[in-house]
Amino acid sequence: MADEAEGKEADKKIVHIYPLIKHTDMTEEMRTEVVELSVSACEKFSSNYELAAKLIKETMDKKFGIYWHVVVGEGFGFEVSYETENILYLFFAGNLAIVMWKCS
Amino acid sequence: MPDPPKKEKKKNRTSKTKLGEGGGGGDADDFDAWMKSRQLVKPDDQLDLTEAELGEEVIKVLTPTNTNVVRNLVVYSFKEGEYVSAPLPGNTVTLISFPGNSLHVDSEDARRQIEESDEIGYPLPMPNYSVVEQRETIIDGEEEGEGETDEDKPDADGKQSPGPGGGGGGGDEEEVEEEEEDEGKGTEGGAEQETRDDEDGGGAIAIPGGGSKKRKLINQFNYCERATLTYVNPKRSVDTQTIPPSRSQFGANVLQWVIYDTYQQDFDQQQKQLAGSGSKKDERNRTSRQKKFKDKTALAKQLNAKYLRCWQILERMINQNIFDDIGMDYRYWEDPADEYREGEGNLLPLWKFQYEKTKKMNVTDIVFNPSYYDLFAVCFGSHDFLKQPNEGYLCFFTVKNPSFPDYIIQTDCGVMCCDIHPNYPFLTVIGLYDGNVAVYNIRENCKTPLYVSRGNKCKHGECVWQLKWGPDMTDGEINFYSVSSDGTVFNWILMQNKLWVTTIIRLYLEENGTADGPDGTKVTLRDGGSCLQFHPTNPGVYLVGTECGFIYKCSTAFSSKYLMTYHAHNMSVYRIDFNRFNVNIFVSCSGDWRVKVWEDMRADPLFIFDLGSAVGDVKWAPYSSTVFAAVTTEGKVHVFDLNVNKYKAICVQAVVPKRKNKLTRLAFNEKLHFIVVGDEKGVTHSLKLSPNLRVMVKPPKKQLYLDQTTLQIAKLEKLLSLVRELPEGEVVADAATTVRS
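So the protein sequences, as listed, match chains A and B.
If you use this note's numbering, the first sequence corresponds to residues 16 to 119, in order.
If you use this note's numbering, the second sequence corresponds to residues 483 to 1223, in order.
The following block holds chain B by itself, in its conformation from the complex:
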């Protein structure tokens, strides 16, 4: 502070000038005398200034900056490892502060607090929040005001004072209670109540300090502070108890005869053992050893079966992934082109099923399993007389696993046909090229047949062409029928341990049926059977197609006479199939390139179709009464819908190359819209029928209640009536009209 001394000097100077002036005036004596009484005191170190120096004007400027503030204060920062400048201290000087825990009733904090007190369910009297009271006052040590009363002084130590309206008598007690409040919040309820009671008189209400936390409502009547309790150690018993040794009861009577009998019994037993032990010991050892061995093998077998099952599932999963696109096509692809071409359809090739070992064999038969619609049996043999393999296979393929057959049966000559029992889907019978038949139980094993025909007489003389399971006999025996090119139809019954064979019919030629034998005898000429089909509703009636091109309608009851003879074809009849909806209608195919549709007991066919090459197989569709499909040796699949076109196939599609390969057999899936066809290279193709090939009948508007079966039957009936109306003599749908252009 350099300024104050200068001021002093100024003052001194003015007084001096005054002195000088005063000495000049006369009436100034008194004044001088009065003035002289005042002695000027000079400090010792006062500067002696000259007149000029004293007359110099010194200008003083007042600025608002606080020169006392230290501006270059630094602090060592441990974080940055250097000195940093500290922030400027403010110009404000706090003289006094009164922190309090009372709030204004309208403020935000007060509102929140009231809400909280509502939450704890503890009633706080709202309407009295009018005056805000200071309950805790902390005063800055330095700036303690003189105005503070003595009563307030204890507050400075952090203690709470009773409110101004509080009675002096209760002061000590309250203080104690307040302290408790600080320690344990639990007691606050009670303490608070009292303080409030006291303060009601003053019209001020205290709000508990630090009240931002939720608090528990406690029992106000006999609550005991936890801190006041001492530990009570739980009582423990030190003794132990053991379990007494277990006891039992026993009693008997000792009599001489008891002793005697016991001895006798024991002695007899000993004698027996002595007699038996010599011979039995060895046997027992041997049997036990065998048993052990058997047990082990059985265990291993079970384990293998389990593993096999796991692998099968895994294989199917892999296949599902590999053939995902085909699977999608199979489920969802409907050829959009079908909408635009009327009365034409096509086939979408799906999976190909083949087995490594049957690559060079012909597919000789395909049969779908009646219970598992995805499973079908494929027979492998040869149709070529000169190239007969010395092995044959029956493979069960499933759509779920196109890469490998699920079951494989191997035989020592070509398998020509098979059939799966409709009631026992695991029973499969196969017919072999050498005339034998064998029944397999697929469920148990595929290696050894359950039954096999044995001996010279108990088999067909030539290749078995077709097999059919018959309905169970009256006493429940399972049986099947077979037809062979030796001209016989056999009925085989599965007895307890063998096949019992009966000849049903020996096919003979009706016209020119005898030939001259030696010595003038007559020899009846035989016809070779080539296919067999049972009437769907009358199991006693069946049709046999022969190698001479006839179809005979026969009965299982008698064999001397045919019920009907159809002069069907000029070459061997390959397959016959009954219509699914009308049992009087059947279709036949032959090596003379033709497919003919017949009605029962009508000598002439209703329809004739010429397919341009030998027709290997023909089948009616399971879903429609007018749709059937045929395969030819040209490698083509023909699908007919008589309702759409009576003269031409609505779909002709080559499945395999014409020169290299031929198609042999065909089967419709019973549930889903695809067919499988077999070729000569051992491959089975599956083909999806496009929507035009499986059109259903739309019910007329007035007859919406009719179901599809009725409608299908009606459709076929309508069609037949058109054909039947033609005069008797005229050749129906003459071949000339249907010959391929």
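With the rest of the complex left out, here is chain A:
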């Protein structure tokens, strides 16, 4: 019994923090760059999601043209229209979801 419990606990303890792309239609090149950017932003402002989102948005606007929208949070729902090849839905650090899309 004790073993079993221990095993379960060990299972549960595994916490994944790597960035996991849930949905995207970006090009390969753009995707890697964007993931890198969001990871660094979230690590920089790990306690303030607003700042993280702002940083990502501003960088994206500079790099890929204006009208980017970024959401960073732990729990929310969304329904957006976006210009194709310009969306990324990403999980990060085990409890964070980042959505970014471009729409003018």
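Accuracy of the hints is not assured; some may be wrong.
Stated by the list, open to error - Simulated crosslink set (EDC-like; lysine to aspartate or glutamate; CA at most 16 angstroms straight-line):
| id | chain 1 | residue 1 | chain 2 | residue 2 |
| --- | --- | --- | --- | --- |
| 1 | A | Lys37 | B | Asp743 |
| 2 | A | Lys117 | A | Glu98 |
| 3 | A | Lys37 | B | Asp748 |
| 4 | B | Lys1035 | B | Asp1086 |
| 5 | B | Lys842 | B | Glu797 |
| 6 | B | Lys1200 | B | Asp1092 |
Said to hold, decoys possible - Over the 10 angstroms line for every Cβ pair with chain A, so calculated as not near, a few chain B residues:
| id | residue |
| --- | --- |
| 7 | Lys561 |
| 8 | Asp721 |
| 9 | Lys754 |
| 10 | Pro1104 |
| 11 | Thr1191 |
It should be emphasised that the hints constitute simulated quantities derived from the structure, not laboratory data.
Quick reminder that beta carbons are idealized off the backbone N, C-alpha and C, glycines included.
Since the structure of chain A is already known, use the hints to place chain B on it.
Coordinates of chain B only, in the frame set by chain A:
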């Protein structure tokens, strides 16, 4: 003009003489006084002539020639590069000419114009064409007549004047309209109308000038001359619109458990991949490489097949051209001699089929394909025990290509017989000299057999002499029967992956069937089978010819007993064939030179024919119930028609030279009137049957509705009744009567 001065002189002279005379008379004073008042004026340069000179008679001749005409006028011709004499100007002097555009109503031109006006559908009032009016007058500048009125003068400038009856008030307007008429013919309709209205009063009608062209009827109400219109440039919009970048919708809910589940899923997948990747990678590479290779070879094969097909067609075309005369003979040549010789026919040699590699082999069997009437299979092996080749062939020849076989099957020992399945014309079974059988699917490949007998027990002990496809078994399995000189008849069933063999009968000798073995045992003696023929309507019954000269009637149901034994021949029976129209009649041939016709369950033959040498094959004709053909080792083909001659062949023809070659097998084409015979040199000859060899039955007048099959059956029945009537004991159609003279 030299004449006038002379005249003058004459006058002067006469006046002078008068003067002289007058001076002589008295009362001439008054006259003289009156005369003196007239002073003679002499020109200064007048010649003073003597009296004699003055008295000379000068004759003046008037000629019709115009001396003013220049006769030696030349013109430089640029074409010929020299001066050429110009044509003489005529003597006519034109004083005045009045070209006009009015025509006489009865003239040819007027008639044409009226017709045209009819064509344009524009009504011109016909009945008023009475007076011809001059509308345009051009007067020669020099010769302008004084009689011309002032009104006419503008006409000389080329303008048209209104008609004489026209009102003066409308003159200007009309002129303008007339000018328009000259420029654009389109307006003429309207203008013409008006002028005519004006001229109606004068009883004259104007016909539009230059009216030999057709003209279009135009709208007379709001027609607008093209020349009066200005261009209206079409409007164009200058702005452009781009396609907006495409958009899509996406939505999701972010919850902690969603994030967790996604991570878990992804992690599991990663683990699996890690575990699998190590072992699978190599295999995948290998299989993919193999696949690629296979794909390539398959592609190449397909391409080759396509090319092969093209070449085949081309080859056939070439052959058709080469053998054109034979082809024509085959289709249309009917021997005209047949009309004059009663009851005799002949054979016309057509193509010869041979294959380079089988030149020294014997033709051991010929079978026509049941579905494709031009295709036939020829087996190549050897009938000579001592000269067995270590290869054999089965070639499918077609009449369409006599130069090369369509399909070739090669085996490692002589092919002795073959049969083509009646329902599956691509299934061919061959029997080999070593006792093996093999089934080929011609459609798929000719290299490897679909089935082949394997092992010691699952084959004949000796040469396979004949094969026959049987009807499908109750559960649909395809099967065939084979007979061999080891004395057995086998039934072979094509199972999923092998041949299943059953012994149907082991042939034994009925009389003196046992021999004393060692230690007082009895050994049953065997007979070797040499041919096999199934009953056409009852598939359970078949005939086996043996090497001892018997024909046994057997049943596939049991093997202990023969249904019937015919003491047929003294030597090996080579072939048996059932009649196509009467299943109770069959014919057999043998090495004892004889061909015998049998009736079912009758111990004695109905007919015996002696052909003078071993008979290799005999076949009933498919078209007639009384015709059969046989080939002999003498190289002759014998064709019999029992209806024509019961004692002799109606055609005996040598096909190959007697000493060098022998004929072995024969087959009738099922549809067309030719036979193929095989010889010992590997050549298959095709021969066309002359009309006398294929006479059909003429229906009696009262029974025209009967078809040929019924008639053929009746014919044979009639013949048989004649033969059967003979008393039992007597030998029918004794050999003595049929021995060749």
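Status of each hint after checking the structure:
no., hint, result
1, A:Lys37 / B:Asp743, "11 angstroms, holds"
2, A:Lys117 / A:Glu98, "6 angstroms, holds"
3, A:Lys37 / B:Asp748, "10 angstroms, holds"
4, B:Lys1035 / B:Asp1086, "14 angstroms, holds"
5, B:Lys842 / B:Glu797, "25 angstroms, violated"
6, B:Lys1200 / B:Asp1092, "24 angstroms, violated"
7, Lys561, "82 angstroms, holds"
8, Asp721, "20 angstroms, holds"
9, Lys754, "16 angstroms, holds"
10, Pro1104, "75 angstroms, holds"
11, Thr1191, "78 angstroms, holds"
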